[in-house]
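S.K.: Top line first, the protein sequences correspond to chains A and B. Positions 0 to 413 (numbering that gives the first Met the number 0) are the ones given, in order, by the first sequence. Positions 0 to 292 (numbering that gives the first Met the number 0) are the ones given, in order, by the second sequence.
Simulated from the structure, these hints should not be mistaken for laboratory data. Built from N, CA and C at the ideal position, the CB exists for glycine as well. Please note: incorrect hints may appear among the correct ones.
[As the list claims (entries may be wrong)] Chain B residues, not near chain A, derived (Cβ > 10 Å throughout):
(1) L88
(2) K99
(3) A222
(4) R227
(5) N236
(6) D289
[Claimed, not checked] What follows is a list of derived Cβ distance ranges for each label pair:
(7) Y279(B) / E322(A): 17 to 23 Å
(8) E129(B) / G318(A): 30 to 36 Å
(9) E37(B) / I219(A): 49 to 55 Å
(10) T326(A) / K262(B): 29 to 35 Å
(11) S220(A) / S265(B): 44 to 50 Å
(12) K262(B) / K95(A): 45 to 51 Å
(13) S258(B) / E322(A): 25 to 31 Å
(14) D85(A) / P240(B): 52 to 58 Å
(15) S206(A) / N102(B): 39 to 45 Å
Residues per chain are reported as follows:
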Amino acid sequence: MSDKQKTINLSAIGFDSPGLVSKITKKVFELGGNIIDVEENCRRDLFSIFLIITFPYTSDSTNSITDSLKSIEDETGLKVILEEYDEGGGNDLSEKENHLITILGMDRPGLIASISGFFLKHNINIENCRMIARGEFFSMEMLIDSMGMITGLNLDRNKVIDHWKSELKDLCAGLDQSVVIQSENIFNKIQKLIVFDLESTLLEDFSLKDFLGTIKDELISIDNTIRFLEDDKGQMEAMVGNAKMLKNIPVRDLESFSAILRLSPGSSELIRVLKSMGFKIAILSSGFDLFVKKILQEAGVDYAFSNTLQVDENDMVTGELEEPIITNDTKEEILQFIMNVEKISRDQVIAIGDGSTRSHFIKNAGLSIAFKPGKKSIQTDGFLSSDRIINLLYCLGIPKTELTRYLEGGVAEK
Amino acid sequence: MFLIETKNLTLQLEIVPVESLLLHEEVIPHHADELIFEFRNWANLQNPIIVDENHMVLDGHHRAFVFKKLRFNYISVCKIDYFNETVQLRYWFRLFGEIKGANSVRRIIEAMNGNLRQVDDGEALKKALEENRFHCGIQHGDFFASVSFPKTAVNDAVDAYHVMERIQNRLMREGKRLEYIPCQSLQDDTLSNRIRKDEVVIWTPHISKEMVVDAVRQEKRFAPKATRHLIPARPLNVNIPISLFKENISLEEINMRFSEFLKKKSLRRFAPGQIINGRYYEEELFVFFDDKE
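Okay, chain A solo, but in the shape it has when bound:
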C-alpha cells in the first residue's frame, strides 16, 4: 500500500454482539484516526459496518495502520476488510441524480434480481436498498443514482429518465408489483399535503355499486326513460351533469341513500396515520355533498370539496347546482386553492387518483400515484395495483413494524 494516502476504508461483517461499534471505534481512536463516513447495520443477528477513516497526524505507514486495524478481527470475531481509499475513483458526491424507488406486491423469487438487473442494463447505480416489509407481502425501497446512466449521443437527458421510468413501471407491472418513483426534488422536500380523488380511491367499490343501484331504481321509478353509464365511478360525475333528474326529491330521502356509501377497508386507518405524521389531508369529489358528506365528516380530513345541490324552502331538491361546480376539470383549481391556503408548493403535494380523466389533477402534484389504474391512465410517478389503499404508507417509507405499531397501538389524534 502507498504511504501517500492515509485514508482507509474499513468494512467488517459477522455475528452481532454488544460492544462491536465501541471496540472498532476505540481502535481507530487509539491509532489517531478520524472517521469521516460511517454506515452500520444489523439484520437478523448479522452485523455490518463500513467506515472511511483519515489519519492526518500519524507518522505511521499505511501498512502499519492496516496491520493494527486488522487486529480488530481477533477482538471482535468479525471479518475485517481494509483498503486504501482512492478519492478519485468514485463519483463526485456533488454530482448525483438520486431517485427513490418503492416496490410493493406479493413476494416471489427473483424480484430483486430482475430489478437490479434492470438498473445494471441502464448503468444506474443502486446506492442503498432496504426491505420495508417481507413476508407474503413484499416492499422494498431503493435509492438509485442515475448520473452515470447510458444516454446515447444527442439525447435529451430528461427524456431518457422518463423512458427508463416508464420501462421500470412496465417491468414491475409484468412482475405483478406496484412501483412508485420519487425523484430527488420530491423526496428531499418535506411533503405536507396528500390529496385523494374520493370516487377512485377511498370509496369502497361494492358500496358505490349498491349506492348507484339504489339511486338508479329511485330515478327510474320517477322517469323510466333515464339512461345510465356503465362505468360506476363515472356515474357520480354523470349525475352532476344531470342534476335535474333529482328535482323534487326530498333532501332527507337523498341523504338516507348516503348511508350505503362506505370508505374502503384501511382508508380510515390510512388517514389517521397520515394525520399523525403531520400531513394535511384533502379529498376532492365530483359527487354531491348530500351523498358524501357523512363519510367525509367521518374521515376527519382537513379539506373536502364536493358539489352542492340547491334546496328549496320545503327541503326539496330544485335540480340546480350551487356554483362553483366541481368537475374533473376544476379539481386542479381546487388543488391550487388548497396549496395557496396552506402556502405550499406542488413539490410538497402527493396526489392519488385512478389516473383516468376524473383524476387528471394528480399529474400536477409533486408525487402522483395512480391507484388501481385502468388502461387509459395518465402518466404518473407510480401506481398501486392492489386493493389496499393503506399500501400508500410504504411509499412514504414507513417500515412494516412501525406501521403495525401505528395500527395496533392506535394513533393519537392530533
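Following the hints, position chain B against chain A.
M.R.: Same frame as chain A, now just chain B:
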C-alpha cells in the same frame, strides 16, 4: 371596511374596539383558558368573530372574551343584519352519558322545585317547549317530559338557562359525561338511533332573537352554549396579524390598514357543504388566500 355581497346577506368586515363588543352568553372557563394560552402564542387571528350592527356577538364569544381579557384594543369582526330572515337561531341540547335512568335527573329537578310533565313523544315535547318558552325538556329512551320551574326561580329566558345550567353542573359533579349537540340533530335519525340507554338528552329552552337582544339590553348573559346562530355565509382565513390589534392608533387608521390588507388577498367563494381546516360548513364560504401562482 370590506364588503362581501352574498345572495341574501351583506358581510361587512371591519375592525372595532374590543370594548364595544356585547356578549350575550357566558364562556366555558377551561375553553377560555385554552384560548388565552393560544392567543398569547398565535401570530394571527384566522377568522373574524360575527356580530350584529350593535356589536352584539353572535359567533365567537370565547375569542371576544379572551380579547377583552388580554386587553387588546381592537378585533376584526364580520358585521351582519341579525334580523335578516336567513340568519337563524338554534340551540345546543345537552347529552349526558352514564346515566342509569331518568330518575337521577328527576331527583335533581325535584330538589330544585322543578315540575316534570310527561308527554307522548318528541313531537309533543317540541310543541310544549314552543308554547312554554321558559321550559326545558328531558328525553330518555321513550320517555319525554317537559320541565318547568316556579316563577320565583325563572322569570325570563336567561333565568331558564341558568337553572338548566345548575342541573347540568349537578350531573357533572356526579361524574356524568356531557356532550353538546345541535338541537336539530335529534331530527336526524342517525343521531336519534345513536342515543344509548344510559344517555339522557336535556332539551334546552326555546329562545328568540328578540330575547337575546333584550338580555343584552338588560346587561344579562345566558349560560354558556345557549345560542347556536346559523349564518348563511361566512368569511374564512382572514388571518390578520394579532400585533395590529395592540397598536395605539385610531380606529379610522386601523380600518384603513385592514381594508388594504384584505384588498391584497384573493377571495374564493364555495357553496355550502365543504370541509375547510377540518370543520364542516353548512354555510356559503368566502375564503381569503394569498395568490402564489
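S.K.: For every hint, state whether the structure bears it out.
M.R.: Taking the hints in turn, this is what the structure says about them:
no.: 1; hint: L88; result: 17 Å, holds
no.: 2; hint: K99; result: 29 Å, holds
no.: 3; hint: A222; result: 28 Å, holds
no.: 4; hint: R227; result: 17 Å, holds
no.: 5; hint: N236; result: 6 Å, violated
no.: 6; hint: D289; result: 6 Å, violated
no.: 7; hint: Y279(B) / E322(A): 17 to 23 Å; result: 20 Å, holds
no.: 8; hint: E129(B) / G318(A): 30 to 36 Å; result: 33 Å, holds
no.: 9; hint: E37(B) / I219(A): 49 to 55 Å; result: 53 Å, holds
no.: 10; hint: T326(A) / K262(B): 29 to 35 Å; result: 30 Å, holds
no.: 11; hint: S220(A) / S265(B): 44 to 50 Å; result: 45 Å, holds
no.: 12; hint: K262(B) / K95(A): 45 to 51 Å; result: 46 Å, holds
no.: 13; hint: S258(B) / E322(A): 25 to 31 Å; result: 27 Å, holds
no.: 14; hint: D85(A) / P240(B): 52 to 58 Å; result: 57 Å, holds
no.: 15; hint: S206(A) / N102(B): 39 to 45 Å; result: 42 Å, holds
Checked against the numbered hints given earlier, this structure breaks hints 5, 6; the rest are met.
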